[in-house]
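Student: Make a model of the complete structure from these sequences and hints.
Protein chains: 2
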Amino acid sequence: MRHKRFILPEELIPTQWYNIQADMKTKPEPMIDPRTRKPVKAEDLYPLFATACADQELNQTDRWIDIPEEVRAKYANYRCTPLVRAYGLEKALDTPAHIYFKDESVSPVGSHKLNSALAQAYYCKKDGVTNVTTETGAGQWGAALSYACSVFGLECAVYQVKISYNQKPYRRSIMQVFGAQVTPSPSMSTRAGKDILTAMPNCQGSLGTAISEAVELAEMTPGCKYALGSVLSHVSLHQTVIGLEAEKQMEMAGEYPDTIIACFGGGSNFGGISFPFMRHNLLDGRKTRFIAAEPASCPKLTHGKFSYDYGDEAGYTPMIPMYTLGHDFQPANIHAGGLRYHGAGAIVSQLRKEGMIEAVDIRQLDSFKAGCMFARAEGIIPAPESCHAIAATIQEALKCKESGESKVILFNLSGHGLVDMSAYDQYLSGSLLDTGSQENI
Amino acid sequence: MRHKRFILPEELIPTQWYNIQADMKTKPEPMIDPRTRKPVKAEDLYPLFATACADQELNQTDRWIDIPEEVRAKYANYRCTPLVRAYGLEKALDTPAHIYFKDESVSPVGSHKLNSALAQAYYCKKDGVTNVTTETGAGQWGAALSYACSVFGLECAVYQVKISYNQKPYRRSIMQVFGAQVTPSPSMSTRAGKDILTAMPNCQGSLGTAISEAVELAEMTPGCKYALGSVLSHVSLHQTVIGLEAEKQMEMAGEYPDTIIACFGGGSNFGGISFPFMRHNLLDGRKTRFIAAEPASCPKLTHGKFSYDYGDEAGYTPMIPMYTLGHDFQPANIHAGGLRYHGAGAIVSQLRKEGMIEAVDIRQLDSFKAGCMFARAEGIIPAPESCHAIAATIQEALKCKESGESKVILFNLSGHGLVDMSAYDQYLSGSLLDTGSQENI
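Those protein sequences? They're chains A and B, same order as listed.
Position in the first sequence counted from 1, then plus 256, gives you the working numbering.
Position in the second sequence counted from 1, then plus 256, gives you the working numbering.
What the hints contain is simulated information worked out from the structure, not anything from laboratory work.
One or more of the hints may lead you astray.
Result set (EDC-like, lysine to aspartate or glutamate): computed pairs, CA atoms no more than 20 Å apart in a straight line [unchecked claim]:
| # | chain 1 | residue 1 | chain 2 | residue 2 |
| --- | --- | --- | --- | --- |
| 1 | B | Lys663 | B | Asp514 |
| 2 | B | Lys281 | B | Glu610 |
| 3 | B | Lys381 | B | Asp318 |
| 4 | B | Lys260 | A | Glu267 |
| 5 | B | Lys347 | B | Glu658 |
| 6 | B | Lys504 | A | Glu266 |
| 7 | A | Lys382 | A | Glu411 |
| 8 | A | Lys297 | A | Glu411 |
| 9 | B | Lys281 | B | Asp318 |
| 10 | A | Lys347 | B | Glu325 |
| 11 | B | Lys625 | B | Asp681 |
| 12 | B | Lys504 | B | Asp451 |
| 13 | B | Lys260 | A | Glu325 |
| 14 | B | Lys655 | B | Glu346 |
| 15 | B | Lys281 | B | Glu614 |
| 16 | A | Lys260 | B | Glu267 |
| 17 | A | Lys260 | B | Glu325 |
| 18 | B | Lys543 | B | Asp279 |
| 19 | B | Lys260 | B | Glu325 |
| 20 | B | Lys561 | B | Glu285 |
| 21 | A | Lys382 | A | Glu475 |
| 22 | B | Lys561 | B | Asp617 |
| 23 | A | Lys347 | B | Glu411 |
| 24 | B | Lys347 | A | Glu326 |
| 25 | B | Lys260 | A | Glu266 |
| 26 | A | Lys260 | B | Glu266 |
| 27 | B | Lys347 | A | Glu411 |
| 28 | A | Lys381 | A | Asp322 |
| 29 | A | Lys347 | B | Glu326 |
| 30 | A | Lys260 | B | Glu326 |
| 31 | B | Lys347 | A | Glu325 |
| 32 | B | Lys655 | B | Asp622 |
| 33 | B | Lys260 | A | Glu326 |
| 34 | A | Lys504 | B | Glu266 |
| 35 | A | Lys294 | A | Asp311 |
Derived list of chain B stretches under chain A, where covered just means 3 residues or more per stretch with a C-beta under 8 Å from a C-beta of chain A [said to hold, decoys possible]:
| # | stretch |
| --- | --- |
| 36 | 352-365 |
| 37 | 426-432 |
| 38 | 631-644 |
Note that beta-carbon positions come from the ideal geometry of N, C-alpha and C, so glycine has one too.
Tutor: As C-alpha cells, then:
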C-alpha cells in the first residue's frame with residue numbers, strides 16, 4: 257500500500273520554535289514608535305503584549321526558543337498534525353509532481369491559529385493578566401484564542417470584522433461556546449470604531465480596523481492585554497512548529513520540497529511552514545522556492561510598496577517596515593477574511609525584498625474552483641484562505657505536467673472550511689463574484 | 257509531560273473487521289421477508305445492497321473479515337484516529353475517573369460514518385453499479401457517502417430528513433461540494449414521500465421515511481444500489497475498526513476500560529467501539545460495562561419493545577428483530593438528527609435482551625450542557641449526537657467522584673459539531689427546548 261500520511265512519533269515533536277531572524281544576514285529593520293520616531297524596544301511593548309511575546313518580537317539572536325512545557329502539553333492535544341501525500345489531487349491533475357500538504361485543519365479549532373493562541377494565552381496568564389482582547393477576520397484566530405483563553409482561565413473579548421460576523425455566524429457561535437465575548441467591528445464601543453462608522457456608516461470592517469478596536473480596549477482596561485493573530489514576528493515564531501514538523505515528516509516520506517506554498521494574510525502560516533525550510537537555503541545552499549498566495553483583491557506583496565506603515569487602521573500600533581497597500585486600505589469583501597489585511601510582517605517583507613520569497617495573486621473564483629477540486633480529491637473542504645494556497649499549488653503542478661518534471665510541492669492546508677459553507681454555496685450556484693464586493697455578503 | 261494522545265503506528269492499524277456474531281452464543285434472529293414470512297437470504301438482498309455487504313450481513317461464522325486493500329488505502333487518509341485522555345474534562349468534573357475518548361471527529365467529513373461509507377461505496381463500485389442512494393439524518397452519513405462516492409467515481413443521491421435539511425444547511429452544501437444530489441425528505445419524488453406528505457403536509461421527516469424514499473429510488477433505477485448508514489450488521493462490522501484501534505491504543509495508555517459509552521441512533525458507532533471490547537466479555541470473562549446513550553425523545557432501548565419491525569417508515573425493508581418504538585414513530589425535532597430513528601440493529605438488540613448492554617436516556621438540554629462543558633475543557637465542539645455520549649460519561653464520572661473510584665471510562669466522540677452551531681446558538685441563548693419540538697427548527 258502506498259504510504260500517504262506521515263505522523264511523527266511523540267519523541268520527534270519539536271520542543272523549540274525556530275527564530276529565523278537569527279539566521280538572516282540582513283535583519284528586518286526595527287519597528288518605529290511614531291511619537292518618538294525611535295526604534296521600539298521590548299519594554300515599549302510590555303503594556304500591550306505579554307512580556308515574553310514582546311521579548312520574542314525583538315529577539316534577533318537566539319535561533320531556537322524553548323516552547324514552554326505548559327504550551328507543549330496543550331500542543332499534544334492535536335500535534336503532530338499529519339503530512340499527507342495528495343495522491344487524489346495529483347491524479348485529478350494528471351501531474352507528475354509529488355504534492356504534499358501539511359494538514360493544520362485537524363486542530364481542535366480547525367486551523368493553525370491555535371499554535372500561537374495557546375502560546376500567547378499562556379504568556380498572558382504568566383504575566384498575571386485576567387483579560388485578553390483581539391481581532392479576528394474570518395474567525396479562525398478568534399476561535400483559537402477563545403479556546404486558548406478558556407484553557408488557561410482568561411476572559412476573552414474578540415472584535416470580529418463585520419463582514420465576517422455576518423458571513424460566518426457559526427464562527428461567532430464557536431467563540432461563544434468557548435466563553436468569549438464577540439463584537440462586530442467597526443463598533444460604537446471604541447473611539448476607533450466610532451470614527452470610522454461616522455465617516456463610512458456602512459463600513460463592513462477590515463482587520464486593520466478591528467485591530468485598532470482591540471488595542472484600544474486593551475489600553476483602556478486594567479489587567480487586560482492584547483494578542484495578535486498574525487503579522488508580528490513572535491506569531492510567525494510560534495507557527496514554525498508547522499515547518500519543523502513538516503521537515504521531519506518529509507524525511508519520513510524520503511523527499512525534500514522543491515517548492516513550498518502557503519496563503520498569505522499577514523504572513524504567519526506562510527512563515528510557519530516556510531522558515532524552517534528556508535534556513536537550509538540560508539545556511540546550506542538549498543534552492544527551495546517559497547510562494548506566497550495572496551488574494552487578487554488584497555495584493556500587498558505583488559502590488560504594495562515597501563515602507564514604514566501602521567499595523568492597524570487607526571494608527572495605534574508602532575510603524576512596521578512592511579510591504580503595504582496603506583493602513584487605510586479597505587479590501588473587497590472576499591470570503592477569505594483572514595487574507596483581508598493591508599500589510600505583510602517585517603520578516604517576510606525583508607525576505608521578499610531580498611528575493612527569497614515569490615508571490616502570486618489568486619482571484620476569488622479561481623480559489624474556490626481549486627478548493628472544490630481538492631475537496632473532491634482529498635475529502636477535506638478547505639478554508640477560503642487555504643484555497644488560495646491550493647490554487648497556487650495547482651498552477652505549479654500544471655507547469656510540471658507541461659515540463660514533465662516530478663517536482664516536490666508542499667503546501668500548508670491552514671484550516672478547513674466547514675464553517676464557510678455559505679461561500680461554497682455561492683460558488684456552486686454561480687452567484688459568487690470574482691474579487692468580492694459589497695453585494696457578496 | 258503527561259501522555260495525553262495515543263496514535264497507533266501504521267503497522268498496528270487493523271487490516272480486518274471484527275464480526276461479533278461469530279462469538280455470540282445466541283445469534284441474532286434472522287431478518288424476515290414480510291411477503292414470504294421466511295428468513296431473508298443474502299441473495300434476497302443482492303438487488304438492493306452491494307453483494308459483499310449482503311454477504312457480510314448474514315455472516316454469523318467468520319470472526320474476522322478482511323478490509324479490502326482499496327478501502328484500507330482510503331482509511332489511511334485519516335486513520336488511526338486519536339485516543340485522547342480527557343484530562344481537561346476530568347479536571348472540570350473534579351473526578352478520580354480516568355476518561356478517554358476515541359476521536360472520530362478528525363475524519364475528513366467530521367465523523368465515524370466514513371468508515372462504512374468507504375467500504376460500501378467500494379463494494380458498490382466492485383459490483384459495477386454507477387449510482388448509489390441513501391438517506392441522512394443530521395447529514396453526517398450523507399456527507400460521508402457523498403465523499404466516498406466521489407472517491408470511487410459513483411453518482412450519489414441523498415434524501416436528507418427535512419428538519420435537518422433546514423436546521424443544517426451547511427451539511428447540504430458539504431454534500432454538494434462532493435458532487436451529490438440532495439433532496440429534502442419527505443419529498444414528492446417517491447411514492448413513500450408522497451404518501452406521508454398527503455397524510456401529514458407539514459411533516460419534518462424522519463430517518464425511517466428517508467430510508468423508504470432512498471430504497472424506492474434504488475429499486476426504480478437501473479444500475480443503482482442503496483447504502484445504509486447504521487442499523488444493519490454490516491455497517492456495525494465496518495465500524496469495528498474504531499474499537500479495534502481503541503483496544504490497542506488503551507494498551508499503549510496502559511489501561512483497560514471499565515465502562516464504554518457511545519451515543520445510540522441505529523447502533524453503528526456504538527457497536528463499532530463496543531464489539532471489539534465485548535469479545536473479551538464473551539470469551540475471556542471480562543466484566544466491562546457498555547452503555548448506550550439515547551435521546552429521551554427517541555428511547556428505543558429503554559422504552560421500546562423487542563419485536564419484528566420494519567427498518568423504514570413505509571415498510572419496504574425486511575422485518576428486523578429489534579427494540580423498536582414502531583416503524584411509524586415520528587420522533588421530536590431534536591438537533592441530534594442521527595439519533596432520530598425508531599429501532600436498534602439486530603445484534604445490539606439481541607445483546608440488550610441478554611443484558612450485555614445498558615442504556616440511558618439523555619434530555620436535549622442535558623446533552624448540550626455536557627457538550628459545552630466538553631468543548632471548553634477539550635477544545636472540540638461535539639456533534640449533538642456525541643453530546644449524548646458525553647452526558648452519559650459525565651454521569652458515570654460523577655458517580656466515581658461520589659464513590660472515590662478511579663474507574664476507566666472510554667467514550668466514542670462520533671463527530672464534531674462545527675456544522676451544528678445553530679443548535680449551540682439556541683442552547684446558549686436559552687431558546688432550546690428540552691426534548692425538541694416543531695418550533696425548535
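Student: Evaluate each hint against the coordinates.
Tutor: Hints, verified against the model:
1. B:Lys663 to B:Asp514: holds, 6 Å
2. B:Lys281 to B:Glu610: Answer holds: lysine 281 of chain B to glutamate 610 of chain B is near 10 Å, not above 20 Å.
3. B:Lys381 to B:Asp318: Answer violated: lysine 381 of chain B to aspartate 318 of chain B is near 24 Å, above 20 Å.
4. B:Lys260 to A:Glu267: holds, 14 Å
5. B:Lys347 to B:Glu658: Measuring from Cα to Cα gives roughly 15 Å; hence the hint holds.
6. B:Lys504 to A:Glu266: holds, 17 Å
7. A:Lys382 to A:Glu411: holds, 14 Å
8. A:Lys297 to A:Glu411: Not OK: lysine 297 of chain A and glutamate 411 of chain A at ~28 Å, beyond 20 Å, violated.
9. B:Lys281 to B:Asp318: holds, 14 Å
10. A:Lys347 to B:Glu325: Roughly 19 Å separates the two Cα atoms, so the pair holds.
11. B:Lys625 to B:Asp681: holds, 12 Å
12. B:Lys504 to B:Asp451: Outside the cut-off at roughly 49 Å; violated.
13. B:Lys260 to A:Glu325: holds, 14 Å
14. B:Lys655 to B:Glu346: holds, 13 Å
15. B:Lys281 to B:Glu614: Judged against 20 Å, a Cα distance of about 19 Å means the pair holds.
16. A:Lys260 to B:Glu267: holds, 14 Å
17. A:Lys260 to B:Glu325: This hinted pair holds, its Cα atoms lying about 14 Å apart.
18. B:Lys543 to B:Asp279: OK: lysine 543 of chain B and aspartate 279 of chain B at ~16 Å, within 20 Å.
19. B:Lys260 to B:Glu325: This hinted pair is violated, its Cα atoms lying about 31 Å apart.
20. B:Lys561 to B:Glu285: holds, 15 Å
21. A:Lys382 to A:Glu475: Measuring from Cα to Cα gives roughly 19 Å; hence the hint holds.
22. B:Lys561 to B:Asp617: holds, 15 Å
23. A:Lys347 to B:Glu411: holds, 19 Å
24. B:Lys347 to A:Glu326: Since the Cα atoms of lysine 347 of chain B and glutamate 326 of chain A sit roughly 16 Å apart, the hinted pair holds (cutoff 20 Å).
25. B:Lys260 to A:Glu266: The hint holds at about 11 Å.
26. A:Lys260 to B:Glu266: The given pair, whose Cα atoms are some 11 Å apart, holds under the 20 Å limit.
27. B:Lys347 to A:Glu411: At roughly 19 Å apart (the allowed maximum being 20 Å), glutamate 411 of chain A and lysine 347 of chain B satisfy the hint.
28. A:Lys381 to A:Asp322: Given that 20 Å is the threshold and the Cα spacing comes to 18 Å, the pair holds.
29. A:Lys347 to B:Glu326: holds, 16 Å
30. A:Lys260 to B:Glu326: holds, 13 Å
31. B:Lys347 to A:Glu325: The given pair, whose Cα atoms are some 19 Å apart, holds under the 20 Å limit.
32. B:Lys655 to B:Asp622: The hint holds at about 17 Å.
33. B:Lys260 to A:Glu326: holds, 13 Å
34. A:Lys504 to B:Glu266: holds, 17 Å
35. A:Lys294 to A:Asp311: The hint holds at about 17 Å.
36. 352-365: Check passed, 3 qualifying residues.
37. 426-432: It holds: at least three residues are needed, and the stretch 426-432 of chain B offers 4 whose Cβ sits within less than 8 Å of chain A.
38. 631-644: holds (count 6)
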